[in-house]
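**Q** Quick mapping for you: the protein sequence lines, in order, are chains E and H.
Sequential numbering from 1 applies to the first sequence in this note's numbering.
Sequential numbering from 222 applies to the second sequence in this note's numbering.
Hints were generated in silico from the structure; no laboratory data involved.
Mixed in with the good hints, there may be bad ones.
Stated by the list, open to error - Pairwise CB distance ranges, derived in the manner of DEER restraints:
(1) E/E145 <-> H/E484: 15 to 25 Å
(2) H/A307 <-> E/F58: 53 to 63 Å
(3) E/A42 <-> H/R430: 56 to 66 Å
(4) E/T169 <-> H/E484: 57 to 67 Å
(5) H/S461 <-> E/E145: 50 to 60 Å
(6) H/E375 <-> E/E12: 45 to 55 Å
(7) H/A307 <-> E/K220: 56 to 66 Å
(8) E/V65 <-> H/S461: 35 to 45 Å
(9) H/R435 <-> E/M213: 32 to 42 Å
(10) H/R430 <-> E/A4: 31 to 41 Å
(11) E/F58 <-> H/D427: 27 to 37 Å
(12) H/R430 <-> E/V65: 49 to 59 Å
(13) H/A386 <-> E/T70: 36 to 46 Å
As the list claims (entries may be wrong) - Pairs of lysine to any residue residues, derived as SDA-like cross-links and limited to a Cα-Cα distance of at most 25 Å, are as follows:
(14) H/K433 <-> H/G449
(15) E/K103 <-> E/K176
(16) E/K3 <-> H/S415
(17) H/K482 <-> E/K63
(18) E/K63 <-> H/A488
Even for Gly, the Cβ is constructed at its ideal location relative to N, Cα and C.
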Amino acid sequence: MPKADFDQRLRELQDELLVLGSMVEKAIAKTLDALKRRDMEASRQVIKEDDAIDLQRFQLEDKCVELIATQQPVARDLRRIIAILHISVELERMGDYAEGIGKISLMMGEEPPLKPLIDIPRMAEKATSMLRRSLDALVNRDIVEAMAVCKADDAVDALHDQVYRELLTYMIQDPKTIQRATYLLWVAHDLERFADRATNIAERVIYLVTGKMTEINVSKY
Amino acid sequence: MVVQEEMRMNPGHADNSTEKGIIVEGLNAWYGSLQALRNISLAILSKRVTAIIGPSGCGKSTFIRCLNRMHEVVPGARVQGKVLLAGEDIYAQGVDPVRVRRKVGMVFQRPNPFPTMSVFDNVAAGLKLNGLRRLGQMSDAVEQALRQAALWDEVKDKLKQNGTALSGGQQQRLCIARALAVQPEVLLMDEPCSALDPVATSRIEDLIRELKERYIIVIVTHNMQQAGRVSDMTAFFLMSNDRAGEIIEYDETRQMFTNPKDERTEAYITGRFG
Numbered sequence: 001m002p003k004a005d006f007d008q009r010l011r012e013l014q015d016e017l018l019v020l021g022s023m024v025e026k027a028i029a030k031t032l033d034a035l036k037r038r039d040m041e042a043s044r045q046v047i048k049e050d051d052a053i054d055l056q057r058f059q060l061e062d063k064c065v066e067l068i069a070t071q072q073p074v075a076r077d078l079r080r081i082i083a084i085l086h087i088s089v090e091l092e093r094m095g096d097y098a099e100g101i102g103k104i105s106l107m108m109g110e111e112p113p114l115k116p117l118i119d120i121p122r123m124a125e126k127a128t129s130m131l132r133r134s135l136d137a138l139v140n141r142d143i144v145e146a147m148a149v150c151k152a153d154d155a156v157d158a159l160h161d162q163v164y165r166e167l168l169t170y171m172i173q174d175p176k177t178i179q180r181a182t183y184l185l186w187v188a189h190d191l192e193r194f195a196d197r198a199t200n201i202a203e204r205v206i207y208l209v210t211g212k213m214t215e216i217n218v219s220k221y
Numbered sequence: 222m223v224v225q226e227e228m229r230m231n232p233g234h235a236d237n238s239t240e241k242g243i244i245v246e247g248l249n250a251w252y253g254s255l256q257a258l259r260n261i262s263l264a265i266l267s268k269r270v271t272a273i274i275g276p277s278g279c280g281k282s283t284f285i286r287c288l289n290r291m292h293e294v295v296p297g298a299r300v301q302g303k304v305l306l307a308g309e310d311i312y313a314q315g316v317d318p319v320r321v322r323r324k325v326g327m328v329f330q331r332p333n334p335f336p337t338m339s340v341f342d343n344v345a346a347g348l349k350l351n352g353l354r355r356l357g358q359m360s361d362a363v364e365q366a367l368r369q370a371a372l373w374d375e376v377k378d379k380l381k382q383n384g385t386a387l388s389g390g391q392q393q394r395l396c397i398a399r400a401l402a403v404q405p406e407v408l409l410m411d412e413p414c415s416a417l418d419p420v421a422t423s424r425i426e427d428l429i430r431e432l433k434e435r436y437i438i439v440i441v442t443h444n445m446q447q448a449g450r451v452s453d454m455t456a457f458f459l460m461s462n463d464r465a466g467e468i469i470e471y472d473e474t475r476q477m478f479t480n481p482k483d484e485r486t487e488a489y490i491t492g493r494f495g
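Could you put the whole structure together from the sequences, leaning on the hints where they help?
**A** Structure follows, in structure tokens:
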């Protein structure tokens with residue numbers, strides 16, 4: 001079988017990408033948990049652990065470049081490497097949102113929370129599910145699932161709208177809440193972007209399978 | 222299959238360049254009883270480089286040798302079908318194969334300058350055969366051909382040297398100059414770089430890109446990256462069970478190398494068979 005070694009390296013590349021995906025998934029879960037529990041130490045850990053996510057992405061990029069340079073891939077092989085390269089960048093940025101939420105949590109400091117967090121954890125849950133499903137779609141080369149991920153972004157956008165309206169009401173009623181409400185708005189925005197990037201991953205899966213680059217679902221934001 | 226046929230004859234982006242190109246219709250070729258090509262149809266566009274790729278024995282070389290009536294030179298070889306060059310069937314009754322070969326030049330895998338001739342005489346040989354006698358005209362034509370082949374600056378002071386004294390890459394460009402001297406419409410290249418080092422290869426590839434403005438260029442290559450680098454259109458040939466070469470896919474090179482339609486093309490260009 002020609003190309004056995006190359007195929008093996010392509011599989012390893014995808015495995016490494018899935019490791020990155022799982023690091024990001026853990027980071028977003030941990031950062032939300034820290035935000036809810038107001039656990040500063042945990043937020044600080046998320047910020048620190050983002051370095052490992054960045055490193056993993058650079059190593060992936062390095063391997064992609066090496067494979068392109070030494071194997072001159074074409075057709076599906078090339079699309080696979082390019083898709084992995086793009087997805088690794090998306091994942092790294094998603095890790096940055098987890099880190100960003102950690103920083104917001106630190107900025108909130110010891111101030112009492114404005115309100116119990118309800119919709120924001122829902123957004124996080126949906127966005128994380130989109131991430132997981134987009135990577136499953138990648139593994140299974142499943143464009144139906146990839147399309148479904150793109151569609152799922154509407155629900156996250158709707159929740160974002162809801163959080164925005166609610167926080168705006170707080171701010172109008174009592175300007176003293178503006179700072180704390182703004183922090184939460186930033187969190188909601190980060191989660192909304194996190195979900196958008198999951199749709200970008202899904203679009204890359206569609207590219208990998210079909211060779212067509214398309215914007216499936218244009219986010220409201 | 223109908224769609225495939227349609228695409229071959231009318232590649233999507235074509236302007237009216239098919240009229241000036243080569244149209245191959247239902248081409249079959251045999252060596253004795255062995256069929257080497259089966260039912261090849263495609264439109265080769267002018268001002269584009271067309272690469273023919275495929276595993277060994279799939280009929281690539283046979284195909285381009287049918288485009289200048291060189292296939293029939295082999296004893297027992299025959300051809301059936303049409304090859305229209307600028308609208309004229311080169312296999313029509315009464316067409317002189319020598320006239321066809323003047324219009325359709327060919328460069329081979331190994332540089333083959335005439336061994337006993339000087340650089341100048343190598344390029345002039347075709348012109349002499351075509352009846353050009355006046356030295357002034359001859360010198361101009363030789364210089365022009367050598368310039369077109371991007372060789373003039375390197376050989377202008379050694380025109381009287383033996384052609385075989387040049388480097389491999391220079392010899393190949395000398396052969397290209399020899400082919401261009403008689404002002405053909407088409408330049409066929411059968412693995413022109415397979416005997417050359419990367420630098421000489423790169424020079425030939427630059428030259429191909431320059432020449433495509435003036436000539437219809439068809440290049441057979443085993444080097445996928447080369448097909449990707451120099452060609453605009455790519456045709457993939459494959460041997461069928463009875464060993465006759467067939468065309469599997471023909472499309473823009475960009476498409477062929479990023480997202481080929483046929484699984485067999487995919488398998489071949491990604492190096493998974495062949």
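**Q** Hint compliance check: list the failing hint numbers for this structure, sorted ascending.
**A** Structure breaks hints 5, 12 and 17.
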